[in-house]
Amino acid sequence: MCDVKFSAHSRTIWKNRSGGCRVKVVVKDNEVDLARIIRNASPGDEILLEKGDYVVGEVFVESDLTIIGKGAGLTRLLLDGHGFTCDAVRSFRVEGLSFVGSRESEVLNVKYGRVEATNCEFTGCELASLHVEVGIAKLEGCSFHQNGYGMLLGEGSIVSVKSCKFSENEVAAVWIEGGDLRVEESTFQENGLGIATTWSSRAKIISNSFLNHTIDPAITVMERADAIITGNVFSNCRCSIMASRYSTAVIEDNTFIACGDARTPVLSISGNCSIRGNILESNRFSELRGLPIATCVGSISERQP
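If you're matching positions, the sequence shown starts at 10 in our numbering and goes up one per residue.
No lab work stands behind these hints, which were simulated from the structure alone.
Errors might be hidden in some of the hints.
[Stated by the list, open to error] With a straight-line Cα cutoff of 30 Å, these simulated DSSO-like cross-link-like pairs (lysine-lysine) come out:
#1 Lys147 x Lys33
#2 Lys120 x Lys33
#3 Lys60 x Lys37
[Claimed, not checked] Pair ranges (Cβ atoms, derived):
#4 Lys171 x Gly61: 25 to 33 Å
#5 Ala267 x Asp89: 38 to 46 Å
#6 Asn49 x Ser291: 52 to 60 Å
Glycine included, every Cβ here is placed at the ideal spot set by N, Cα and C.
Please work from the sequences and hints to get the whole structure.
So this is what it looks like as structure tokens:
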């Protein structure tokens, strides 16, 4: 093992099992050109960032790479440009970072690759802070705050979300078109839409909390999408779940507290949807402000197991 010191950062080089070299870069100066370090990285390298704000222009991640900070809010990447683009990368892993977007760019765009984010913050982006076009993403312990879209997922995306928080995202916390999504043990608060599943997408929405969605639905299932919605808590949501346009859904073991209003039902089902089970018997309703469920006659098919 050799250790070479630089004024802005140090490098530790070691061999992996196949005999190749991997590099661990410790960045101690936030004036360093971080984009250049990323461009020059080799597959398997790790970049460790100290506390501080790092201004980063447009970055193309083209090799397997890990970037680790000291924690969200402590190590901040201020994106001056179009953010990070991962194209055909087998593994891009980020941990303990705040991604602060410029107004008209995406923070992290995944094209034909795999991304893992742990304990990161995504904020300040008027578009999608995380856009997975075709690829795999795994997120745990992350927060998405005050973006246009928290996450925008395209056809061919496979995304899992656990223990994350989505708040005050203007259009939607999560919007998925044609991909696969699993969301569990996460919190959605005061977004436009909470989760929108559209265009033949498939979603499992399990054991989450939806709070104060007072304009648009907390969850929408439409355009032939399929969703399993179980074990969630909805509180002070104008319309908790809206299913429409030939979609299918399982809606059971959820709790609805102080939801709906005089004109808006807690659950809105229309457009030839197929709903499995008996919604009123398999969910809990408390202190409702409107009807528990409203349907278009003949548009809902309740299939028993």
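Could you work out which earlier hints the structure fails to respect and list their numbers in ascending sequence? none
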